[in-house]
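Student: Place chain B on chain A using the hints.
Sequence order for the protein chains is A and B. All residue numbers for the first sequence refer to my numbering, where the first residue is 1 and numbers rise by one. All residue numbers for the second sequence refer to my numbering, where the first residue is 1 and numbers rise by one.
Among these hints, one or two may not hold up.
Sample of chain A residues with no beta-carbon within 10 Å of chain B, all distances over it, derived [stated by the list, open to error]:
1. A112
2. W150
3. L210
Distance condition first, Cα-Cα at most 20 Å in a straight line; then the derived SDA-like pairs of lysine to any residue [claimed, not checked]:
4. B:K67 / A:Q49
5. B:K78 / A:V78
6. B:K78 / A:H73
7. B:K78 / A:E27
8. B:K67 / A:H52
9. A:K231 / A:T192
10. B:K67 / A:L64
11. A:K85 / A:I103
12. B:K67 / A:R45
13. B:K78 / A:L69
14. A:K76 / B:S32
15. B:K97 / A:E19
16. B:K67 / A:E36
17. A:K31 / B:V89
18. A:K31 / B:K56
19. A:K32 / B:A88
20. B:K56 / A:R35
21. B:K56 / A:E47
22. B:K100 / A:E36
23. A:K32 / B:T72
24. B:K78 / A:F72
25. B:K67 / A:G62
26. A:K76 / B:E83
27. B:K78 / A:E77
Calculated directly from the structure, the hints in this document are not laboratory data. Even glycine gets a Cβ: it sits at the ideal position worked out from N, Cα and C.
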Amino acid sequence: MYNISENTMVEEKSDRLYEMLLLLYPEPYRKKFGREMLYTFQDMRDEEQAKHGVVGVVFWSGILIDTLLSAFHEHKEVIRKDGMKKYLHQTLKLNNYNLVSLILLLPYFIMACIDFGGRILQGNLGHYNPATYAALSQTPLYWYPILFTWVILFPILAIVISLIPLAMNSKKISWPDIAYLKQNPGSVILITVAVLLLAMVKLHDFLPCLVYNISMNGFGHLPSIISLCRKA
Amino acid sequence: MLPANISIDNISNGDILGLMSKSKAFSNLNVSLTPQIFYILLSLATKSRHGYDIMKQVESDSQGNVKLGPGTLYGAIKRMLEEELIAAVETNEARRKYYKLTEKGRTIFSSELQRYNGAVALAKKRNLFTNPKLTKTTLTHV
Numbered sequence: 001m002y003n004i005s006e007n008t009m010v011e012e013k014s015d016r017l018y019e020m021l022l023l024l025y026p027e028p029y030r031k032k033f034g035r036e037m038l039y040t041f042q043d044m045r046d047e048e049q050a051k052h053g054v055v056g057v058v059f060w061s062g063i064l065i066d067t068l069l070s071a072f073h074e075h076k077e078v079i080r081k082d083g084m085k086k087y088l089h090q091t092l093k094l095n096n097y098n099l100v101s102l103i104l105l106l107p108y109f110i111m112a113c114i115d116f117g118g119r120i121l122q123g124n125l126g127h128y129n130p131a132t133y134a135a136l137s138q139t140p141l142y143w144y145p146i147l148f149t150w151v152i153l154f155p156i157l158a159i160v161i162s163l164i165p166l167a168m169n170s171k172k173i174s175w176p177d178i179a180y181l182k183q184n185p186g187s188v189i190l191i192t193v194a195v196l197l198l199a200m201v202k203l204h205d206f207l208p209c210l211v212y213n214i215s216m217n218g219f220g221h222l223p224s225i226i227s228l229c230r231k232a
Numbered sequence: 001m002l003p004a005n006i007s008i009d010n011i012s013n014g015d016i017l018g019l020m021s022k023s024k025a026f027s028n029l030n031v032s033l034t035p036q037i038f039y040i041l042l043s044l045a046t047k048s049r050h051g052y053d054i055m056k057q058v059e060s061d062s063q064g065n066v067k068l069g070p071g072t073l074y075g076a077i078k079r080m081l082e083e084e085l086i087a088a089v090e091t092n093e094a095r096r097k098y099y100k101l102t103e104k105g106r107t108i109f110s111s112e113l114q115r116y117n118g119a120v121a122l123a124k125k126r127n128l129f130t131n132p133k134l135t136k137t138t139l140t141h142v
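Here chain B stands alone, though its shape is the one from the complex:
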């Protein structure tokens, strides 16, 4: 459904992209995909991990750009558990609790990657990577 202020005569590329970014998967989600949550999903995409392992993996994957303390990490884990993006894994280890991606988490993470992939492809097509300002700052997290 198009917003009321957009008619078919004056629709622009920006309007289409804006509507596309509000896909069904994202509109049902109550937690925003911040860089922290994105990198936590990324770290859990290959295997289940405990808190400290997630923290180290996020730091390594983001090349030190995203650093999590215990407070930030478990705040994000709490919200992701509530949204059923991740789930705790039953293990025999008493000291540590492991977390894994759920199906919902995997779907949302995969959609997000596809969105990034599309954006990168578009940027390449428009030759935006040659702009040093964009390469250095705007596209750091992509």
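Isolated chain A, as found in the complex:
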């Protein structure tokens, strides 16, 4: 059972998590209904807490499925109404440079998802799944020159290409200006993902292990988690 301060903390955390989930919706929809959706979520959470004492996995699974399905539907609606080109540029705020970067990162991203899926299935994120690895290594993608291309070359190229729109407008602003970065969210996100994917080359066992253990145990045991994952 929670005491009052713990309860408030849990509520704040769950609000923040739901606000993050709301980012999955197209911006105009979020601006119009986001606040109301958050209030409705808070009412649901309060009722769940009053009924069961805690807000559990079943509640969050329901919220997650509801959000993913309805966000997908809203994006589909925007594409149907505005067309793909306008959707990519205005809703996702991706310019042509970002689109090229996205295509370059896609092979590595898909491979990383397959690798993670295999790790989740075996229940150990700190070690690759031998079956998944055996299947993937049979494909031409694992031939060394091709492997080097999509694992190293493409992410570096994606970073360089995503930097172009940032560099083009950089003379107009005085650094450091966070608002400027907010105007180019596509570039910022793609550079972050590319850097993360490059880091994964070296830390492909350490990072999944770290994320998994932090999500399970929180930041309280960070030093012991780091030492555990170093051995992964």
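Tutor: Chain B in isolation, oriented as in the chain A frame:
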């Protein structure tokens, strides 16, 4: 107007029912009356309600068969606002927004109820409610 492939000699009851279901009120509507939208209209038929209240009323009216999350609820509300089936109500309450049925919403809801009523009357006349399979599954939402 009859479709080209139906002549007056071979017209059936099914053809008539098919044409009747495409009444003018429905052909002008760009949103389909899914169970969710039907129950939202039902919940707003008696009074204006806010999001969470609609959600609870829909669950209660459908005996738990239709459950809405915030995403599904506001997706439906958005489409119903676009189609002018419902409208937001001006209130002093800052936290909540209330919604009410519009005249158009009330007309469409009423037509839908009449259609259900007609279907139920026909089913009763044909003694279909005695068929346990139909009573249990097909007619759950009616």
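Student: Could you grab the alpha-carbon distance between K56 of chain B and R35 of chain A and see if it respects the 20 Å cut-off?
Tutor: holds, 19 Å
Student: Run the distance test for K67 of chain B versus Q49 of chain A: straight-line Cα separation, threshold 20 Å.
Tutor: The given pair, whose Cα atoms are some 18 Å apart, holds under the 20 Å limit.
Student: Please verify whether K31 of chain A and V89 of chain B have alpha carbons no more than 20 Å apart.
Tutor: holds, 19 Å
Student: Tell me if the straight-line CA distance from K56 of chain B to E47 of chain A falls inside 20 Å.
Tutor: holds, 11 Å
Student: Does W150 of chain A really sit off the interface, with its C-beta more than 10 Å from all C-beta atoms of chain B?
Tutor: holds, 35 Å
Student: Check whether the Cα positions of K67 of chain B and G62 of chain A lie no farther apart than 20 Å.
Tutor: Distance ~10 Å between K67 of chain B and G62 of chain A Cα, so the pair holds.
Student: Please confirm whether L210 of chain A is truly not at the interface, meaning its C-beta sits more than 10 Å away from all C-beta atoms of chain B.
Tutor: Per Cβ check, L210 of chain A is outside 10 Å of chain B; nearest 31 Å; holds.
Student: Is the straight-line distance between the alpha-carbon of K78 of chain B and that of H73 of chain A 20 Å or less?
Tutor: Holds. K78 of chain B to H73 of chain A sits at ~12 Å (cutoff 20 Å).
Student: Is K67 of chain B within 20 Å of R45 of chain A, Cα to Cα?
Tutor: holds, 15 Å
Student: Starting from K32 of chain A, check that the Cα of T72 of chain B is at most 20 Å away, please.
Tutor: holds, 15 Å
Student: Run the distance test for K85 of chain A versus I103 of chain A: straight-line Cα separation, threshold 20 Å.
Tutor: holds, 15 Å
Student: Between K31 of chain A and K56 of chain B, does the CA-CA distance stay at or below 20 Å?
Tutor: This hinted pair is violated, its Cα atoms lying about 24 Å apart.
Violation of the numbered hints given earlier is confined to hints 9, 18; the remaining hints are satisfied by the structure.
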